[in-house]
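A.B. asks: Chain residues, written in single-letter form:
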Amino acid sequence: MSDPVVVDRVTKRFAGHTAVDALSLSVPSGLIYGLLGPNGAGKTTTLRMIMDIYEPDSGSVRLFDQVGGGRMHSARIGYLPEERGLYPKMRVLDVLVFLAETKGVARRAARVKALEWLDRLGLNDWRLRKVSELSKGMQQKVQFISTMLHDPDLVILDEPFSGLDPVNSQVLRDTVLDYRRRGKTVLFSTHIMEHAEKLCDRLCIIARGKKLIDGSLAEVKGTHGGKHVIVEFDGSQGGARQVFGDRRLVAKLQDFGQHAELELAPGADAQEILRALVISGARLSRFELASPSLHKIFVDLVGPDAATAAANPANAREPERAGA
Amino acid sequence: MLESRSVPVRKVWAVIRREFVERVRTKWFWISAILGPVLFAGIIVFQIVQSVGGAERHIAVVDSTSSDYGTRVVESLGGSRLIRATRVQAGPGVIDSLTRLVEAKQLNGFLIISDQLTETGKAEYRASNLSLQTIEELQRALNRLLVKVRLEERGVNPAVVEYAQSLRVTLDQKKIARGRTTEESAGQSFIMAYVIAILLFMAILLYGVNVMSSVLEEKRDRIVEVLVSSLRPFQLMLGKVFGAGAVSFFQFLIWGVSARVLISMRGPIARALGADAASAQSMVLPHIPFATLAVFMAFFLGGFLLYSAMFAAVGAMSSNEQEARQAQQPVTYLLMISYLSIIGLTNDPSSTFAKTLSIVPFTSPIATPVRWTAGSMGTGELVLSLAMLAIAIVGVTWVAARIYRVGILMTGKRPTLKELVRWVRTA
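Quick note, the sequences are listed as chains A and B, same order.
Taking this note's numbering, the leading residue of the first sequence gets -10, the next gets one more, and so forth.
Taking this note's numbering, the leading residue of the second sequence gets 49, the next gets one more, and so forth.
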């Protein structure tokens, strides 16, 4: 069986700009796949094309080995859009049953499943309340349930962590990991690299609608960037700044004050830096040889401007809509 | 695992069911469901109370004639069930004091007669409320008197005059429509047609706007993207339109059944109000043939489908209530055309104007049932009207679905006309 999601050179143009430009990606079965990129990179547009909400201008989407988007397979796909919402005036149980029905689940089966899930996430007492009476956190849980209720083989989550409180983030993470354990496939988008680093087996970084890199987490880390050193100071930094400034030793520097991430210059030896730092009088609490963080790779690839925007969820509106 | 063919139907069915159940659960549905029968009961009670005599009118006859015609007018009004007349001799200040009585609601009005009555046929009636019934009755009484007086002047025996006037014509009105002759007066036909037109207008507008607000709600509450990921926008729109349509049928059903029950109970109601049951039974009830009902339902359904598709598109292209209110105006105006033509339609249902309105699909949902009820429409014309409506429904739904498809995922400013055209072209 080939990969459950195969996107082949899809392009989507909106008035004035190209949101997604000849993007290809392939999500293997049984893995967690991250679609990463700054705001406005085309993540949502890509997912919407996969879901058949937008039709690509060119290129094609294959799901479960069949041409055509998500709607045809709605019984096998759980989709959590970036813009979340439920009917505020409907009862929790009714909403869940209705949404499952739109995915082709029979009414009675949907009811049984919904009650199971409500019980599991501790919302049993709220099943006959109106959605609007629930707290934001509870509504988020109801939203997950609606995505997972029909036990889909493929789950597509658009910025699933945005707006979640820590408890619900954990619930989501556990659910996603549990899904992978059961051999299901998860595709999610995010602009927060920490989430991606913790969850993804494979990933694809896009910016301005184009793919920059894809592969397994290890591959991406391996092929990108050289050797990295993480340094943490214990009080006095001595002459560490001069050491960092030495182009023969350090190619790139990310300085966070008490903590810095260095990329070694070609041919440089980490031991040399350690020696130089000790001589300079810096007091170290940590000196670690590491692979670059995903954040670092992301910043290198995307450029600092876009990365800053991405790190600040306050301007997290993707200008990906037609006419916008 | 591709979807079997029945799944899309099940999905649309789920949307219809949700739309129906959620709407019927609102208190507004039940308020209007109850308000209808209450209003209807009110009309019945009002009619009964009127027939009992609550509407008796007291008038004065101000007489300045030289031969005491006033007394004879009062005499000839004596047989009236409606009017109680008293003669007042004309004099200075009489008119003023009577006017004050009318203003104080102690008198309904007064009739002024002078010698002019027999010369030029002129008299004057002043009242706070110029009801058609009173005036007709006064005119009839004055006419009889006038004829009598003039004949007597020429030496005709009063007994002969009495004999001549003792018989009155009763004109039985029967309507010939589509090969059947039914007992239905011009007034009844007119009122029927009018009521039907108003009902259709209200129902189409109300439930069309319901579809719009439901679309808007899904958009505003951001549910639509999940829905569109498993339903085609067209299926969603179809479900909404049929769901709201089912609600309105249910509403009509409640009204219809309760009206039926109230009518069958009008005897007991009349007795409870102290009126004799016979007068209540004789209350005029228009006879509604099955064909009329079928035409009414067919055109309600057609009109509803046509307009709610447009309202759905309006809902989809707006992002909040204010925008929707503005954007719905062209659609409402289109419907208003037929509403404003109701009087013209009912007055002359076979005019070219009326014929045109019943063929144009945007006005036919109201115009055709009106003309049909008035009996001025053949089966051929009806079929043509229905066919045009059907074509328009298909066309308008096609366009609306395309606007809907693009619109429901849009936020931000309302599209311009140019953008709308592009949506329809490219969706």
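No lab work stands behind these hints: they were computed from the structure.
Keep in mind it's a predicted model, so treat the numbers as computed, not measured.
Hints are supplied without guarantee of correctness; some may be wrong.
Chain B is faced by these chain A residues, among others (derived, beta-carbon under 10 Å) [as the list claims (entries may be wrong)]:
#: 1; residue: Asp(-8)
#: 2; residue: Gly19
#: 3; residue: Asp41
#: 4; residue: Gly59
#: 5; residue: Leu69
#: 6; residue: Pro77
#: 7; residue: Leu88
#: 8; residue: Leu117
Simulated restraints on C-beta separations [claimed, not checked]:
#: 9; chain 1: A; residue 1: Thr7; chain 2: B; residue 2: Leu247; range: 50 to 58 Å
#: 10; chain 1: A; residue 1: Thr7; chain 2: B; residue 2: Trp78; range: 46 to 54 Å
#: 11; chain 1: A; residue 1: Asn113; chain 2: B; residue 2: Leu254; range: 35 to 43 Å
#: 12; chain 1: A; residue 1: Gly19; chain 2: B; residue 2: Trp61; range: 33 to 41 Å
#: 13; chain 1: A; residue 1: Asp108; chain 2: B; residue 2: Arg319; range: 58 to 66 Å
#: 14; chain 1: A; residue 1: Asn113; chain 2: B; residue 2: Trp61; range: 55 to 63 Å
#: 15; chain 1: B; residue 1: Leu254; chain 2: A; residue 2: Thr7; range: 26 to 34 Å
All C-beta atoms in this analysis are idealised placements derived from N, C-alpha and C, irrespective of residue type, glycine included.
A.B. asks: All hints are to be evaluated individually against the structure, with a verdict given for each.
C.D. replies: The hints, checked one at a time:
1. Asp(-8): violated (17 Å)
2. Gly19: violated (18 Å)
3. Asp41: With a closest approach of 7 Å, the Asp41/A hint holds.
4. Gly59: holds (6 Å)
5. Leu69: Since chain B brings a Cβ to about 8 Å from Leu69/A, closer than 10 Å, the hint holds.
6. Pro77: Hint on Pro77/A: holds, closest Cβ of chain B at ~6 Å, below 10 Å.
7. Leu88: holds (6 Å)
8. Leu117: violated (13 Å)
9. Thr7/A with Leu247/B: 50 to 58 Å: The hinted range 50 to 58 Å holds for Thr7/A and Leu247/B, with Cβ atoms some 53 Å apart.
10. Thr7/A with Trp78/B: 46 to 54 Å: holds (53 Å)
11. Asn113/A with Leu254/B: 35 to 43 Å: holds (39 Å)
12. Gly19/A with Trp61/B: 33 to 41 Å: holds (35 Å)
13. Asp108/A with Arg319/B: 58 to 66 Å: holds (60 Å)
14. Asn113/A with Trp61/B: 55 to 63 Å: violated (28 Å)
15. Leu254/B with Thr7/A: 26 to 34 Å: violated (45 Å)
Checked against the numbered hints listed earlier, the structure breaks hints 1, 2, 8, 14 and 15; every other hint is satisfied.
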